[in-house]
Amino acid sequence: AQSVTQLGSHVSVSEGALVLLRCNYSSSVPPYLFWYVQYPNQGLQLLLKYTSAATLVKGINGFEAEFKKSETSFHLTKPSAHMSDAAEYFCAVSSNNAGNMLTFGGGTRLMVKP
Amino acid sequence: EAGVAQSPRYKIIEKRQSVAFWCNPISGHATLYWYQQILGQGPKLLIQFQNNGVVDDSQLPKDRFSAERLKGVDSTLKIQPAKLEDSAVYLCASSSEIWGTEAFFGQGTRLTVV
Chain A
1 AQSVTQLGSH
11 VSVSEGALVL
21 LRCNYSSSVP
31 PYLFWYVQYP
41 NQGLQLLLKY
51 TSAATLVKGI
61 NGFEAEFKKS
71 ETSFHLTKPS
81 AHMSDAAEYF
91 CAVSSNNAGN
101 MLTFGGGTRL
111 MVKP
Chain B
1 EAGVAQSPRY
11 KIIEKRQSVA
21 FWCNPISGHA
31 TLYWYQQILG
41 QGPKLLIQFQ
51 NNGVVDDSQL
61 PKDRFSAERL
71 KGVDSTLKIQ
81 PAKLEDSAVY
91 LCASSSEIWG
101 TEAFFGQGTR
111 LTVV
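Heads up: the sequence lines are chains A and B, in that order.
The first sequence lines up with residues 1 to 114 when you count with this note's numbering.
The second sequence lines up with residues 1 to 114 when you count with this note's numbering.
No lab work stands behind these hints, which were simulated from the structure alone.
Glycine included, C-beta positions come from ideal geometry on N, C-alpha and C.
There could be a bad hint or two in this list.
[Stated by the list, open to error] Taking beta-carbon pairs under 7 Å as the criterion, some of the chain A residues facing chain B (in silico): (1) Gln42; (2) Gly43; (3) Leu46; (4) Phe90; (5) Met101; (6) Phe104; (7) Gly106.
[Said to hold, decoys possible] Calculated Cβ distances over 10 Å to all of chain A for the following chain B residues: (8) Pro8; (9) Ala20; (10) Gly28; (11) Lys44; (12) Asn52; (13) Asp63; (14) Lys71; (15) Thr76; (16) Gln80; (17) Lys83; (18) Ala88; (19) Arg110; (20) Val114.
Full structure from sequences and hints, please.
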């Protein structure tokens, strides 16, 4: 079985500040890990993914995430928040023996203050 | 390239009525998924198709939910009869391969059961 825990259902940062969204996973096999963003009334858009290559993964819109096996973490960061980053962010895991079926965390709503 | 198309975007029905959602995946994508996203939660996989065969439907409430992908392209998800707790956004996604590749999501159908 696999699971994802996102610490903090709501995160508020000031524009220009560091964004850090936390994700911890549980998987019995080497995982594929994903971060998706969801804007209001929209579907999910892939930000980045880890598929056992480099542990530091760079995605779109200046986001990156680092896979840390020892900590079972895949935290999402961005050096400087923009107002347009305000959205819901979901971490997800998929294991080899489950195909591409994603197990999502509960999501973190990012608010950016001017 | 056209994205994943879903219809309708919104649907309001009374409990015990039936409802159907339609999904047209990205052309050439063999894998299709239906997710249920309850307000404030991450999406939960209901069913995964590979072409017109079911890969996993372990989380589909089969007493009231059904899904089909007869020709390996379009898919429909049906609920009969609907319950209040079925109120959610139903997301369709597709991917070109089954192992660890990006799933592209549609905008979803927001169902309200009253």
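Each hint tested on the structure:
1. Satisfaction of the interface hint for Gln42 (chain A) is found here, the shortest Cβ-Cβ separation to chain B being roughly 6 Å, below the 7 Å cut-off.
2. Hint status for Gly43 (chain A): holds, given a least beta-carbon distance of 4 Å to chain B, under 7 Å.
3. Proximity of Leu46 (chain A) to chain B holds as hinted, the smallest CB-CB distance being about 5 Å (cut-off 7 Å).
4. At a threshold of 7 Å, the smallest CB-CB gap from Phe90 (chain A) to chain B is about 5 Å, leaving the interface hint in force.
5. Because the closest C-beta pair between Met101 (chain A) and chain B is about 5 Å apart, less than 7 Å, the hint holds.
6. Interface restraint check for Phe104 (chain A): the shortest CB-CB distance to chain B comes to about 3 Å, inside 7 Å, so the restraint holds.
7. Look at Gly106 (chain A): its Cβ gets to within about 5 Å of chain B, closer than 7 Å, so that hint holds up.
8. Every Cβ of chain A is farther than 10 Å from the Cβ of Pro8 (chain B); the closest lies at roughly 13 Å, confirming the non-interface assignment.
9. With a cut of 10 Å on Cβ distances, Ala20 (chain B) stays outside the contact zone with chain A, its closest approach being about 19 Å.
10. Remark: the non-interface label on Gly28 (chain B) is consistent with the geometry, its nearest Cβ contact in chain A lying 16 Å away (cut-off 10 Å).
11. A beta-carbon of chain A comes within 10 Å of the beta-carbon of Lys44 (chain B); the shortest separation is about 7 Å.
12. At roughly 16 Å, the least C-beta separation between Asn52 (chain B) and chain A is larger than 10 Å, which holds for a residue marked as non-interface.
13. Against chain A, the non-interface label of Asp63 (chain B) holds: every CB pair exceeds 10 Å, the least being about 22 Å.
14. The claim that Lys71 (chain B) is not at the interface with chain A holds, since no C-beta of that chain comes within 10 Å of its own (minimum 21 Å).
15. The claim that Thr76 (chain B) lies off the interface holds: its Cβ sits roughly 18 Å from the closest Cβ of chain A, which is beyond the 10 Å cut-off.
16. No Cβ of chain A approaches the Cβ of Gln80 (chain B) within 10 Å, the least distance being about 25 Å, so the stated non-interface status holds.
17. Against the 10 Å criterion, Lys83 (chain B) stays outside the reach of chain A, whose nearest CB is about 22 Å from its own CB.
18. Against chain A, the non-interface label of Ala88 (chain B) holds: every CB pair exceeds 10 Å, the least being about 13 Å.
19. With a minimum CB-CB distance of about 8 Å to chain A, Arg110 (chain B) fails to clear the 10 Å threshold, and the non-interface call is violated.
20. With 10 Å as the threshold on Cβ separation, the claim that Val114 (chain B) sits away from chain A holds: the shortest Cβ distance comes to roughly 20 Å.
Violated hints for the displayed structure, listed by number in ascending order: 11, 19.
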